[in-house]
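Join these two chains into a complex; the hints should help.
These protein sequence lines map, in sequence, to chains A and B.
For the first sequence, this note's numbering begins at 1 and goes up steadily by one.
For the second sequence, this note's numbering begins at 179 and goes up steadily by one.
Because the hints were derived from the structure by calculation, they are not lab data.
Nothing here was measured: the structure is a model prediction, and the numbers come from that model.
Where a beta carbon is used, it is the ideal one built from N, C-alpha and C, also for glycine.
All the given hints hold, so there is nothing to weed out.
Chain A is faced by these chain B residues, among others (derived, beta-carbon under 7 Å):
id	residue
1	M224
2	I225
3	K227
4	M228
5	P236
6	R243
The chain contents come next:
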Amino acid sequence: MMKVRDGDLDKLGLLFERYNRRLFGFFYRLTHRRDISEDLVQSVFERILKYRESYNGDGAFSTWIFQIARNLHIDYYRKNSRTKTEDDFSDWDSLEAEDSEIKLKTEDERNRLYLKQALDQLDEEKKQTLILSRYQGFKYKEIAEIMDCTESAVKVRVFRSINELKEIVSDLKKQEEL
Amino acid sequence: MIDEKYIDLVTGYLQNDLNPDQQKKLDELIESGEIDLLELKEMEIMIGKMDSLDTPKPSFAMRDRFYTMLDDEKEVQNISWSHKLNAWMDKQKQRFQLRYLVYATAVFLAGLMIGDLYAPISNQDEQIEQLMSEVSQMREVMTISLLDNSSPTERLKAVNISNEIRSVDERVVNALLKTLNNDSNVNVRLAAVDALASHANNPVARSGLINSIENQQSPIVQAALADAMLALKERQSVDEFKKLLSRDELDSNVRNKLENTIAELI
Chain A
1 MMKVRDGDLD KLGLLFERYN RRLFGFFYRL THRRDISEDL VQSVFERILK
51 YRESYNGDGA FSTWIFQIAR NLHIDYYRKN SRTKTEDDFS DWDSLEAEDS
101 EIKLKTEDER NRLYLKQALD QLDEEKKQTL ILSRYQGFKY KEIAEIMDCT
151 ESAVKVRVFR SINELKEIVS DLKKQEEL
Chain B
179 MIDEKYIDLV TGYLQNDLNP DQQKKLDELI ESGEIDLLEL KEMEIMIGKM
229 DSLDTPKPSF AMRDRFYTML DDEKEVQNIS WSHKLNAWMD KQKQRFQLRY
279 LVYATAVFLA GLMIGDLYAP ISNQDEQIEQ LMSEVSQMRE VMTISLLDNS
329 SPTERLKAVN ISNEIRSVDE RVVNALLKTL NNDSNVNVRL AAVDALASHA
379 NNPVARSGLI NSIENQQSPI VQAALADAML ALKERQSVDE FKKLLSRDEL
429 DSNVRNKLEN TIAELI
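Same shape as in the complex, but just chain B (with noise of 0.2 Å):
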């Protein structure tokens, strides 16, 4: 048997992959006897013999199987398209559900005020004070519902909502209170300033906004604040304003603010 050193140069000539240095060596290596020109010979007349074993065809049937199978996996693969299209959309949904409550009671509303424009007029007035009255209610559900709503932009909207009701509750004061004193966006807060100060008539809302002076850390709410209690005429917010002048870290700008608007109040 051909010694196994020579297995590279064997198993290289069997799959006639020898390079010319190889074909070079092993010849040599025959030339020596060191490989038996025979034995390579019977190898190689074995590997060949190999090739004289029929297989037989695949039939039909696998063939038509495969393709079974692949038509129902294309089947499967839409459907799971159509899944994940249906996924995104709720998704979607689920983003703007609250935005069409809103529009869908907007419409349900003014079908309800079209619908009376034909009521007898007797009761006309009595219903749109009726409606206006709904109306108002509805706004301040809105409102309430969309400042606990986690986009600034939805509590902005809500703020902003709340000016357009005639006179607001408790409930809605107190959430904007709330809005004013703890919201972490600006915007809202100084939006429910100017809230608060439209519905400074509510004794709440009017104390609760000079109560607040003392919580606010932001200068553009501390100026609004200044400017609102200004336009209100509200003698009471000087002692607040002065709490927060006693602050050190006071900016400077809102500081000079502050002392022009104590000294109109006063």
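One chain only, chain A, in its complex shape (with noise of 0.2 Å):
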């Protein structure tokens, strides 16, 4: 990144090729929408082309492109919950039509769903912890700088959460079993 910095513009190729993957995973996670993934993903790298004299090469690389990631998410979701569009109702419409479909699921499918509903039915700070620690590999210690917070908040956020999806995915069967 320093190169980058410095001019050296084809090294953000490199960066592009190493981090393109985890960063869309980290988006389609949050948003469940392929072609937002990806234009937060390009919006990144925007950003970095932008910012890039401000890069002073003070920890990971890796924290402070999930930074950019994060902020970009916020921004995204504080646009999308302003103003609602189709793409909100559709989205419930896919939902609805996986409740339909979980009966005629395996367990394993089942499972797999409830999951991913209880993982959306998470506030975003703790879904957000959740995926960076889980899906990116991030220490505690790492989150807290990401997500701007002490290493202690992200343990709590953490540890509820996991009871959370807990009692989502419990209450969740037992609605399927009435």
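As structure tokens, then:
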């Protein structure tokens, strides 16, 4: 990244190759939308280019790039929650479809759907914390840096969100049995 | 539910990041029943299940978009570099603009002179005279223009150009006198003394030199003026030198020189 900052823009291609799938995974798990996730990945690299001169090399690059990613998702989330679009309703439609299909699936498939729905019911901070921890492999300290909070706060979020997941999945199963 | 006071141990366990002491502590708490092993395992299983959720791969279009953007940015960067280069060149051009003007004028005049060599012999003397007059006028313009330059080197050059003018007009003399009396650089003022002395046949230049004696604070310029007055045998300067001698702060070497100069002039 230091070389990108100093004007060697070809090195940004290497960073893209290294991080594009991780970033895409991060956004996809938050939005469940391929098109939006790809747009957000593009936006991450646009911001890196725009603000490359402000990069000072302090801390790990991976936490810096995920800080950008997280801020972009926050912007997207705020914008999207203010203006409800047809896409939002289509998401609900897909969830309803998943509900109706649950009875037709195997137990493993059902468990995956319950978990997916449970994850979506967590608030954004808890969801991001779990995604960064479980899917992106960040340590709690790194997550604290990305999310601009204390390491203790990250641990509390992880602890509580797993318990919440357990409860939500249990409720979903009970609803199906009724 | 496991008590939140054990969050550090539980989250450390879930991330497989417990040190031996913490692991020992966790084992003790499980053994004593403070932490329910079943609940801990349920949490571990729940977080493990997250791995079963698939993520699709990004499309090739995303890669294409990125590399298009990168190419565009590289192009902008190249343009930006050329802008910087142009700006630097403009700056250099401005710096040397006046010098270029002088050189261009000199080349132009040289061209005229060479051209005149092929003119009919009957007109040659007249044309050379006209040309010399034009050169002289050009030098006057250059002198006046360069004397206002912020660079001492350029002003020094202006004073030297004035030495090459055959017969200076009033504007040049006044510009030189202004330089002698006001220029911040002592070398420029010294050169102005010599230049004005070389044009001492001009009464304004001569009287200006005499009048400026009283204004000078620099010992070296005072001494130069004394030499100039001696060379010109200018007796009217004696009164001015006497005024300088009445100053208590006058340099002792200059004082001796002025006394000798006055003695020789009288």
